[in-house]
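J.: Protein chains in written order, with full-length UniProt numbering: chain A, 1 to 453; chain B, 1 to 453; chain C, 1 to 453.
In short, the hints are calculated from the structure, not lab data. Take the hints with a grain of salt, since some may be wrong.
No distinction is drawn between identical chains; accordingly, a pair holds when it is met within one copy or between any pair of copies.
Stated by the list, open to error - Below are the DSS-like pairs computed for lysine-lysine, each with C-alpha atoms no more than 27 Å apart in a straight line:
#1 Lys308 / Lys420
#2 Lys420 / Lys360
#3 Lys420 / Lys309
#4 Lys309 / Lys360
#5 Lys360 / Lys308
#6 Lys309 / Lys358
Listed below, chain by chain, are the residues.
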Amino acid sequence: MKTDILKMGAAALAALSLSSPAFAAPVAEAAPAVAADAVGGGTAYILNTLLFLIGGFLVMWMAAGFAMLEAGLVRTKNTSTQCLKNIGLYSIAGLMFWVIGYNIAYPSFAEDSLGLIGGFTGIYSMQGVGEADLDTGYSVASDWFFQMVFCATTASIVSGTVAERVKIVPFFIFVTVLTGVIYPVVVSWEWGGGYLDSVHGFSDFAGSTLVHSTGGWAALVGALIIGPRLGRYGPGGQVNVFPGSNIPLATLGTFILWLGWFGFNGASQLAMGTVGDVSDVSKIFVNTNMAAAGGVVTAIILTQLRYKKADVTMALNGALAGLVSITAEPLAPTVGQSILIGAVGGAIVVFTVPLLDKFKIDDVVGAIPVHLFAGIWGTLIVAWTAAPDAGVTFLGQLVGVLLTMVWVSVASAIVWLALKAIMGVRPDEEVETTGLDIHEIGVEAYPGLANQS
Amino acid sequence: MKTDILKMGAAALAALSLSSPAFAAPVAEAAPAVAADAVGGGTAYILNTLLFLIGGFLVMWMAAGFAMLEAGLVRTKNTSTQCLKNIGLYSIAGLMFWVIGYNIAYPSFAEDSLGLIGGFTGIYSMQGVGEADLDTGYSVASDWFFQMVFCATTASIVSGTVAERVKIVPFFIFVTVLTGVIYPVVVSWEWGGGYLDSVHGFSDFAGSTLVHSTGGWAALVGALIIGPRLGRYGPGGQVNVFPGSNIPLATLGTFILWLGWFGFNGASQLAMGTVGDVSDVSKIFVNTNMAAAGGVVTAIILTQLRYKKADVTMALNGALAGLVSITAEPLAPTVGQSILIGAVGGAIVVFTVPLLDKFKIDDVVGAIPVHLFAGIWGTLIVAWTAAPDAGVTFLGQLVGVLLTMVWVSVASAIVWLALKAIMGVRPDEEVETTGLDIHEIGVEAYPGLANQS
Amino acid sequence: MKTDILKMGAAALAALSLSSPAFAAPVAEAAPAVAADAVGGGTAYILNTLLFLIGGFLVMWMAAGFAMLEAGLVRTKNTSTQCLKNIGLYSIAGLMFWVIGYNIAYPSFAEDSLGLIGGFTGIYSMQGVGEADLDTGYSVASDWFFQMVFCATTASIVSGTVAERVKIVPFFIFVTVLTGVIYPVVVSWEWGGGYLDSVHGFSDFAGSTLVHSTGGWAALVGALIIGPRLGRYGPGGQVNVFPGSNIPLATLGTFILWLGWFGFNGASQLAMGTVGDVSDVSKIFVNTNMAAAGGVVTAIILTQLRYKKADVTMALNGALAGLVSITAEPLAPTVGQSILIGAVGGAIVVFTVPLLDKFKIDDVVGAIPVHLFAGIWGTLIVAWTAAPDAGVTFLGQLVGVLLTMVWVSVASAIVWLALKAIMGVRPDEEVETTGLDIHEIGVEAYPGLANQS
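Input sequences plus hints: build the corresponding full structure.
T.: Here is the structure:
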């Protein structure tokens, strides 16, 4: 879908600029008001590219958001490890998406040699300044950058769920496969113009399923195979709370993610070289913000009613769930619908976080409710909010959700199980008890401050 | 004023694009150098909208800045509460500004149904792509987004002053009224083209009075009605220092605010679709930065001279005071004037922070000196820096300051007093002593680290 | 070089817009596809300026990155001091670059009175809206803003190395001279069109040498003259590790710097008003990101192999070293080359951090390996990656490196030695042992949390 839109956009641009009387035609009576509003092809190219760059750096910033969120929600003794995992996974994602990922995700672009083959040669290994590029309507490198940071986001989701009990090396190997193969395959089905896009009319504007559910399934399977943290679940269904070590950091992480999401959803419009496109981007900004706001307020109200306390981590996850929920379709809904969609996302978090604990699925940061459950919700509800003539059906959306579930779960399970068999994924009990920071990283998170528990 | 400028800008754009020979006219002898520089109406629309979007996400990011600043300046035992209040107030502000606030602030736009009525229907509840929008010169949704984050800023100011001693529920109710009614009414007088704008020639470019003083008055009245924190003022005028719990976080928050202020002031130019506008935005960036720098250096020098110590929290507040001071007019002053205006702001902070304590007004983060006192200073000094033909007078500025004082103080007092009577605004003494985090939130800020005092 | 590029760009723009048939000429047969892509001079001016503004606020944000990185890597007892130093140095850099720095750096622009003289008069002390500006192709104020934040970066580098043992006042005085004179002189040789640029064909796209090595030499000389922290080096070559006090903050700082670097390198293209320029900016984004990724992965692998632990601070510095390495030429290399260049940067950090300790050079945050050593590496390797016809030679690059070394080292030594003689640069032993926060700042960093060591 993403490429389709791009192609259509490019075609429209070409048509616009070539046929625009103000530019190409000298006839006096042509082109009054309309012509004055026409945007030339070169200008549109620059603005489209700029959208990718701005969106790209905002989504890149989300890597810091995940790092802070997770560093704030793990225990002190595993905080340095979580920091390392996050900067490491972002780096690996970039490398793998270049080596192989992009070419898997966008097979029709593969001949352009964006990846390893060809990547070592030529000054413009990602683009040539010339006619071909202008037909595209944007800089290929800017598009690659924007796509790459999405890939990294997927990996960030996993690291939160399986925190505090996975060794660094197997974790990084899993990330390598996830970002190099598992995620790109899902993308190819839809944004790459494949099966889901062409056969089922599946619609996922910015990735509630493609990015968030993919990360969520990989996280869920990981949590199941790896098992819960030591001492997390006592006998008789008892759940021991391991409180996050730094709530302001988790709050900061959430605000960073919220900010980054304007790029995540907004720049998924993929163009701002026309008046209509930039207006759509603006609408997306508003809807994205309001869905998050709906998620926050809902989570606060529900926890206040249910527990007589307004749990701040629920409020933070409420924001994120609202954001994930609106990601599948942030443009079509009205503002009111967006608030509602986000509010349901927030409610999902409040009700499913305890549910996971019932099944002894240990999700350290609540990433499964936020990214998987709210991601499914957001994907399905598109059947309601999409324009009637868009051809989006509940069934088509469900097929996309299920296909992603099957592929990501099976592929992730194979990788996690292989890693378990070959090298083991969990540290020794003593290491886990003392904390991974000392044993795996050699650097405590807050050595000048008190007891490192 | 803001709408006026927009309307004028739109008119200018329309004139420019329609009359520009390069676009509409085929006459050979027309349009030499000037025509080459003309920016088409469509391109200008995109660029104006982009300014709102970039400015908007930068100001949205200020919500994180306030959260970190306040989380760093309260005591450990109230840190989680402060985080919740900040993400909650930002969410409430967005919802309320949509439900009712915008329509109060900009009555002339009310028929466009930006708020609740109409908001639930139609894909483009905030805009239609067509002629009307092009006349506006920017996407309505982008403007709404930019205005909304200003509204949220106002609420952030209050949360800092009254921290550590207000229960969550009354605080959120106050925020609801502030962002839905109190602040929008002030905006309507000036940016909405009302009394202050039309009668007094009041000038407040980006909101020293409209945003910062409004927040400041609400905070001051709150501090007076709620009273100081337990144990803050001893007998005989003794002031007990409650040091902030996390100085790096407070520093981070200040840097975030500084960054966000480029959007706050820069995008208040409201257009960058002409060479002149984008040059003005650039000038605003420079002046904004230099006023902050002036505030920092002044605060460092003054505290070094006065206390033989360079108090870092004074330096941080010096930056913010410098920023608030330049906000009423960041374009007209020279760089030298900007530094001076910011430096006076920094001095105001150093001298008035102890003054508040003399009157036993307990302002946890120093928001009253920063946002109210420096805001008044910045508003009045516009009479000096504004262009002579702009018609800005000291008296007109003073009227704006006083009118805002009366309205915001009275309205805030009514709300605070009503909340006090109905549900009480302060927690029990035991709760306040133990900390709000445990009782109201149920989540400690740094549970892995030492004594939570 | 920077001004040269600008001048050429402006000339090209002028040529483009004036000669473009679509804009100025009414002849029917003129201007088919090419004309449609032409970007008018006014639009290009706006887009060039916008690049400076976006790049500028991203680099400004790096000041927060350095603050967090350094606050996280010093000991708890000196954290508040480090915060103050960082916000102070950013402010001083802005003031000094305005008072005198810019005019030294860009002597050919000096008559435009960007600095003190003239700065106090006139509304547009930095620009006039008119023909002259359009010839420039961008707003002068936006360029000044972008250049100023580079100046601040140089000072940030120094503060990390000499942390925990320099009094505030002499530190700020050093920063004053560094940002007002020492750094601008280096810039004048190259970006100001001086000796290195005109005689040696020296090439330093975004400042591996001009910014990072300049900061690095000043830091190295500072570390040598000031000496190591008390107790850092024991008898018999023993190195006592003083672990950083807050690893998540250091991680956050690194992510901030990584984000800011897109502005640092990307906006050093100095223009995005043409299709080619914005494509180049995109390529720079990709290469910058991939060099950092290469640095991270290399540092993780090397520390894992060498120490059986994946040292997170090495990974963070690996990212930064990768970024510094690619800064001298982020456009010409292929993606593969960029990864390689960054990877070598990461390796340099892993191997030279212990080396410095051998020579008892106490570099608190590892700024000398990151900014100086990787900066030299990045500068020299341009001879390999630059286009063959660019005239870049290994020898020319070496001359630039050496000249910078001599000037910055000698000038810095004079200033540090003078400060030492006049007022002393180190605090009393008791102060250093107890921590600078209590004595110099009067504000502890984390008073609510445990032992402040």
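J.: Each of the hints needs a verdict: does it hold here or not?
T.: Structure-based check of each hint:
1. Lys308 / Lys420: between (42 Å within a copy, 20 Å between copies)
2. Lys420 / Lys360: within (20 Å within a copy, 44 Å between copies)
3. Lys420 / Lys309: between (40 Å within a copy, 20 Å between copies)
4. Lys309 / Lys360: Result: close within a single copy only, 24 Å intra versus 31 Å inter.
5. Lys360 / Lys308: within (25 Å within a copy, 33 Å between copies)
6. Lys309 / Lys358: within (21 Å within a copy, 36 Å between copies)
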